[in-house]
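With the hints as a guide, bring the two chains together.
Going down the list, the protein sequences come from chains A and B. Each residue of the first sequence is one higher than the last, beginning at 1 in my numbering. Each residue of the second sequence is one higher than the last, beginning at 1 in my numbering.
Be aware that a few hints might be false.
As the list claims (entries may be wrong) - Simulated pairs of lysine-lysine, DSSO-like, Cα-Cα distance not exceeding 30 Å:
#: 1; chain 1: A; residue 1: K292; chain 2: B; residue 2: K151
#: 2; chain 1: B; residue 1: K65; chain 2: B; residue 2: K10
#: 3; chain 1: A; residue 1: K346; chain 2: B; residue 2: K246
Think of the hints as simulated: they come from the structure by calculation, not from any bench. The model shown is predicted, which means the values in this text are computed figures rather than measured ones.
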Amino acid sequence: MKAVNLDLVHTEHPLYAKLQSMGMPANKTEQYRNFAIKPLLAQKYHFYNPEKSVPKEGEKLVITNGSVSEFPAGVQVRYESDFVCDNAHYDVLYFYSHAVSVQTIYVEVTRESRFELEHICNQAETFLPYRIVISTAKNIHVEIFETFRFDASEQSFVLYGLDAFVNTDTTLRWIRNASINQAQAKLVGTHRFDVAREGALELNTFDFGDANALHLYKIDLAEHAWSRAAHLLYANTQARSGNIIAINHNEVYAKSAQEARYILVDEAVGIFDSKIRVDAGAQHSHAVQNSKAILLSPHAHMYAKPQLEIYIDELEASHGATIGELDADALFYLNSRGIEAEEARKILVLAFAQSLIDSIGSSHYVEKINQAFEAAYYKKEQ
Amino acid sequence: MMQIKNLHAKIGEKEILKGVNLALEKGKVHVLMGTNGSGKSTLTKAIVGHYDVSVTAGTIEYKGKNLVDMPAEERALEGVFLSFQNPIEIPGVNNAYFLRAALNAKEKYRGEKETNAAEFLKLMRAHAQKLGMNPDMISRGLNDGFSGGEKKRNEILQMEILQPDMILLDEIDSGLDIDALKAVSQGINRMKDGERTFLVITHYKRILDYIHPDYVHIFQDGQVIKNGGPELVDVLESEGYQAIVKD
Ligand SMILES: Nc1ncnc2c1ncn2[C@@H]1O[C@H](COP(=O)(O)OP(=O)(O)OP(=O)(O)O)[C@@H](O)[C@H]1O
Ligand SMILES: [Mg+2]
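The shape of chain B in the complex, shown without the other chains (with noise of 0.2 Å):
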């Protein structure tokens, strides 16, 4: 589903990235872990095209196409999707209102007919609801104001209606409680079709015991360090990351 190869990306004059290898196969759930700033968030800006991350060397290879050079609102309408560590609030603009562009706007470079505002309200109540959201949400101003596990939830929401091939999860379980985890993991667990390629970041096991994953990655200082099957968390878990040998 995406190669990434070689990856060496700069934010302001820093690199963060050191040459990426990444393989991510079609229909799996791969998991990425690995220390605070060692650059998983930065990775998956520079998969969507962040303005703040310049990608100086490598490629990123998804359906036949070099992502590094295309616009991320391409990137967005080819299928790539990042729920992002801190959403950030946009007041003034409506949820729904800005849910249906986003909607409509992939329908139109799909050149499917646009959802319009009355089926996509009962669309997105539905999908709220099964997300045990306030449905007040759904009319308030765009994460504003929203707790930290209602943004959260929020994401998973745009995720479900935006229906995307390739879903970048960064640290979507952190103060998540018990419900909201459940919840969340329910809502990615309904999105697997055997097609859809998933990479979760996480710092913790938990959320892998409801999402079972295929692979799990190690990351550090820039690199994928390491790549294996869920066994690797229990590593983790009981020995930390000075266990994890380079491989």
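If we strip away everything but chain A, and leave its shape as in the complex, we get (with noise of 0.2 Å):
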């Protein structure tokens, strides 16, 4: 068993001496601070070397342990070694998990898809890294449901990560529902988003229970992309749990939108970390960035950042945080109609998330998101 750090990197790798002078996160790295990374990568863990079993066809991507067990008709999974990422990422999770998984997973999308992405990780006392990277064909709808299945993962650390392409004229719809536990597998994703011209991300992050688990993006939007992200989370007990992301506006004419709403309650810690860059060439840039956290609880926490970063004069933008329990007054107007106060709570943390569950709109996957916030909601209430 041994711990996560620069000795699993060999060190004629071509990333090796970049993660050297980036170092290996600290408690003080930024994007980590709030997330206790130090002693996840210190505990001592199993190594898994992903089987390269031949993968059935089937309805789903699933990645069991890290390799893939089934993909879906009109999807192409193959498995690439050297595979050159995004060397501006800000991230050494990033790097690192480039330069330790054995193996990238490539998953190429040529036509309209609509398909269920699922993660198994069965392993204990298991360091599991691995990557995919996924590209798209031009001028097509791609929506990716991306789920969690980490029965019996107990004390593992999945570092995985994607990279996706969103090709000229595409949508890449991409919506994370992930009811992870406390007594399952630590997750760190750290990705990047690049869209091209005229591309759109729709990025839609659902994250309920008691994990510890943290997400960071990378978004790059050419001329005349767009995104848009919503990020719900709702953590309890000990969770920490968050999402960090930079958006970059690279090219004339990008859009970007980004909405967050937590709900954090027991001790729960909420991370909410984001950047919107505005580059010097990037004029007739709209960007607004929006973050609201609830915390139910005297001791729980959130920690939101929400910054732009602005290279040109004008652009429309705006940003905005806000911390705060549930309105007092809104919860009187409830009881004087008759509605006693847990329940009356619960109509109203309802309704703050339901606005992020509804904004994914025309989605297939709008009711299994509902299903899996009321599980958590309600498991509080036990």
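Here's what the structure looks like:
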């Protein structure tokens, strides 16, 4: 059993020097400051060597312990050993995961598709690093519903990530539905979305439960590209969970909108750190960002850090962050109509969450997310 | 129906109600008038148990119980209803969903069968139509973006569906256009059944022409200073509050 550190990377790996200069994340590393990464890396794990069994064709894309066990029709899957990663990524674990993953899973989507991507980890006390590249054809609509089944994965650490390429005129709707609990694997996802000219990314993330899970994203927008990100998070007991996002408007007429809603219970810690950067060459940008957190207990804590970094003179931009409790007047209004306190709280919490769940609109997955949310919410009630 | 005796109450450190005495008779329409800031809304809030108002002395007897120590939702379940002077907006809470939750809570409290979603929608549509409300208000967020008049109609809609026994209407007539005033007054008149009691707070005579009050009470500086009949309103209209002599 070994800890997760630079010793795991071969000194001849092309990323070795870069990793050495960046250093492994420590408690002071900005992105991991509130996540307690250090004990996670220091823990001793087994190292699981993914089996390269031949996957069967089915309905979902299933990745079991880091290798593909099932793939849907219309999607090509292969392994690549030398994927070139984005040198400008801000997260050291992005590079690290590239360096330690035995192979990269390469998923090519060539036509209109909608499928579920299921991650299965059923190994205990294991460090499981893997990466997925998603490439898309031009002018198609792709919807991917990402789920996690982490049964029997206690004391494990899953470090995965996506490099997704949204082609010209293509829309990628990415929906993450994660209900992971404290007894299961810890999760760090470190991603990059590259959105080409006129491409669109809809990133909808739903993280419920008491997991320790952190996702870090870098989103690059070309000319007339747009991204719309919505993050709903419900965390209870001792969860530490969050999203760290860098959105770069690299060219003209890029648009981005981002909304985060967190509901924190018990001693849960929520992290939302988002930076929108509008480059000097990105005239006519449009950027909005907003985060709201509701703390349902005095011991819950929210770290919100919304930032705009602007290098042009004129743009339409706004941002804001609020952290608070449920509105006392709203609660009273419901009480005054005979609705008892606990029920009134539930109605208001569901309303707060609902607008983000509904914002994925026409998706086939709204019902599943509603169920997952209610399951997490009622668990708290027990 | 309700006896308010020597009621004193504070908001923060400030005493607002300074010994209110008021008897509300079963099946009657009582009107409460008084100058701005005299404490009328505070009185209604004390009756429904708003967290801002702390009662320091006195009692509110209703159906043989003292309401003062009862949680707000229980007062509502016992049939006390307040139409707020400024109903708040609660975006994201569907108007129909909310009102059915309220109706179901009441049915449960009384051990009655709970109205299901389909039955409820029919009921709500019928009432909304009678009040001349735009049907899309049923599915919108609770008071979300409603105009002043639309909010008041929505309060009356809630009253008609919840069928309370003791009805407090705090300036239900302010900000209403002529048609809305008629629709709202008709809603109130539909609720009169000789059993229900109304306390109507208003600054104007015009709503009284529709709802025909039985008693008029004048409120000043945290107290009821005069009790009488509809004739008091005419005195007020012609001579103002200074003409009112304390009982
Ligand atoms: N939340 C509050 N904090 C501090 N003071 C308050 C609060 N609510 C009411 N007050 C004060 O209490 C007094 C009585 O207010 P109230 O709203 O009961 O008057 P009102 O008789 O209903 O007046 P109006 O006719 O203008 O509606 C006023 O002086 C008001 O400023
Ligand atoms: Mg008032």
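Right, here's what the structure says about each hint:
Between A:K292 and B:K151 the alpha-carbon distance is near 27 Å, which keeps this suggested pair within the 30 Å criterion. A threshold of 30 Å between alpha carbons decides the hint, and for B:K65 with B:K10 the separation of about 22 Å falls inside it, so the pair holds. In summary, the hint linking A:K346 to B:K246 is not supported, as the alpha carbons are separated by about 48 Å, beyond the 30 Å threshold.
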